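Start from chain A and add chain B according to the hints.
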Amino acid sequence: NAGVTQTPKFRILKIGQSMTLQCTQDMNHNYMYWYRQDPGMGLKLIYYSVGAGITDKGEVPNGYNVSRSTTEDFPLRLELAAPSQTSVYFCASSYGVGGKAFFGQGTRLTVV
Amino acid sequence: AQTVTQSQPEMSVQEAETVTLSCTYDTSESDYYLFWYKQPPSRQMILVIRQEAYKQQNATENRFSVNFQKAAKSFSLKISDSQLGDAAMYFCAPAFFNAGGTSYGKLTFGQGTILTVHP
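Protein chains in written order, with the working numbering: chain A, 1 to 112; chain B, 1 to 119.
One or more hints might be untrue.
Stated by the list, open to error - The calculated DSS-like cross-link candidates involving lysine-lysine, where the alpha carbons are at most 25 Å apart (straight line), are:
#	chain 1	residue 1	chain 2	residue 2
1	B	Lys-70	A	Lys-14
2	B	Lys-78	A	Lys-100
3	A	Lys-57	A	Lys-100
4	A	Lys-57	A	Lys-9
5	A	Lys-44	A	Lys-100
6	A	Lys-100	B	Lys-70
7	A	Lys-44	A	Lys-14
8	B	Lys-55	B	Lys-78
9	B	Lys-73	B	Lys-55
10	A	Lys-44	A	Lys-9
11	A	Lys-100	A	Lys-9
12	B	Lys-70	B	Lys-55
13	A	Lys-44	A	Lys-57
14	B	Lys-55	A	Lys-100
15	A	Lys-100	B	Lys-73
Treat the hints as calculated values from the structure; they're not laboratory data.
Being a predicted model, the structure only gives us computed values, none of them experimental.
With the rest of the complex left out, here is chain A:
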C-alpha cells in the first residue's frame, strides 16, 4: 500500500529553471493538495483539486501551476524558479470533506 508518493525527495534548482514535482496516490482519493513549508513554519496551501479536471488556487499560488488529468496524479509545475521558492513541498490527498489527509514524504527544494 504505497499511499501518497512524491518525487523527487531532494532537488537543487538554479534561478530561472523550471521543474515538475510529481505526486501520485493509490487510494482513489478525490481531493489532492500541494503545500509548502518554510523553515520553522506551518504548511501553506499552494493549489488543490477536488477531482480530475478541477483545480483551484490556495493561499500562495504565484509561481506555480498544476493540472489534474487523472484521479491518481497531481503534478506541481514551477516556472522560472526563484530563491523565494526554496522550501519543503508536501503533496496530500483525502477522501471527501473532513477526511483524514495522507501526506507524501515531502520534497526539499533549494533554488540557488
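Showing chain B alone in chain A's frame:
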C-alpha cells in the same frame, strides 16, 4: 479568511508527565473538522487526532485527547504519560467548509509548537 493561532512556539515536558498544547482559530464557515498533526524530524506528517465540530464529545486516541470549546473557538491537545517518541513539531489544522462547497475542507495550518520531552 480563516486564521489559526498556536500561541506556544515551544513547550517542554518531563517523560511520563502531561502537557497541553493550545490552538485557537477564527472562521465564519458553517462547519468544520479539526485535526492535530505531528511532524517528527523525519518531516513525515502524522495524524494524531481528529474532531468533528458538530460533536460535543471530545475526541480521544490512547494518550492523546482534545479539549474542544466551539464557542471559544479553541482546540487544545493534551498528551498524557509523555514519551520520548512524542518529541516533534505539532500542528493544529482545522478543515473549514461550507454548504456551498467553496471551502472544500482544505486544511489550514497553525504555526506549530515544538515539543521537547526530557527523560
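Lys-70 (chain B) paired with Lys-55 (chain B) [C-alpha distance capped at 25 Å]: Holds, because 10 Å separates the two Cα atoms, which is no more than 25 Å.
Are the Cα positions of Lys-57 (chain A) and Lys-9 (chain A) separated by 25 Å at most? 24 Å, holds
Distance restraint between Lys-44 (chain A) and Lys-9 (chain A), which requires alpha-carbon spacing of 25 Å or less: 19 Å, holds
Would you mind confirming whether the straight-line C-alpha gap from Lys-44 (chain A) to Lys-57 (chain A) stays at or under 25 Å? Measuring from Cα to Cα gives roughly 11 Å; hence the hint holds.
Starting from Lys-55 (chain B), check that the Cα of Lys-100 (chain A) is at most 25 Å away, please. 17 Å, holds
Does the structure keep Lys-44 (chain A) and Lys-100 (chain A) at a Cα separation of 25 Å or less? OK: Lys-44 (chain A) and Lys-100 (chain A) at ~17 Å, within 25 Å.
Hey, Lys-100 (chain A) versus Lys-70 (chain B), does the alpha-carbon distance stay inside 25 Å? Answer holds: Lys-100 (chain A) to Lys-70 (chain B) is near 21 Å, not above 25 Å.
Distance restraint between Lys-78 (chain B) and Lys-100 (chain A), which requires alpha-carbon spacing of 25 Å or less: 20 Å, holds
Taking only the CA atoms, is the gap from Lys-57 (chain A) to Lys-100 (chain A) under or equal to 25 Å? With Cα atoms ~21 Å apart, Lys-57 (chain A) and Lys-100 (chain A) stay inside 25 Å; holds.
Does the structure keep Lys-55 (chain B) and Lys-78 (chain B) at a Cα separation of 25 Å or less? Answer holds: Lys-55 (chain B) to Lys-78 (chain B) is near 18 Å, not above 25 Å.
Within a Cα-Cα threshold of 25 Å, do Lys-100 (chain A) and Lys-9 (chain A) meet the stated pairing? At roughly 23 Å apart (the allowed maximum being 25 Å), Lys-9 (chain A) and Lys-100 (chain A) satisfy the hint.
Hinted pair Lys-44 (chain A) and Lys-14 (chain A), Cα distance within 25 Å: Roughly 23 Å separates the two Cα atoms, so the pair holds.
Comparing the model with each earlier hint shows a violation of hint 1 alone; every other hint is respected.
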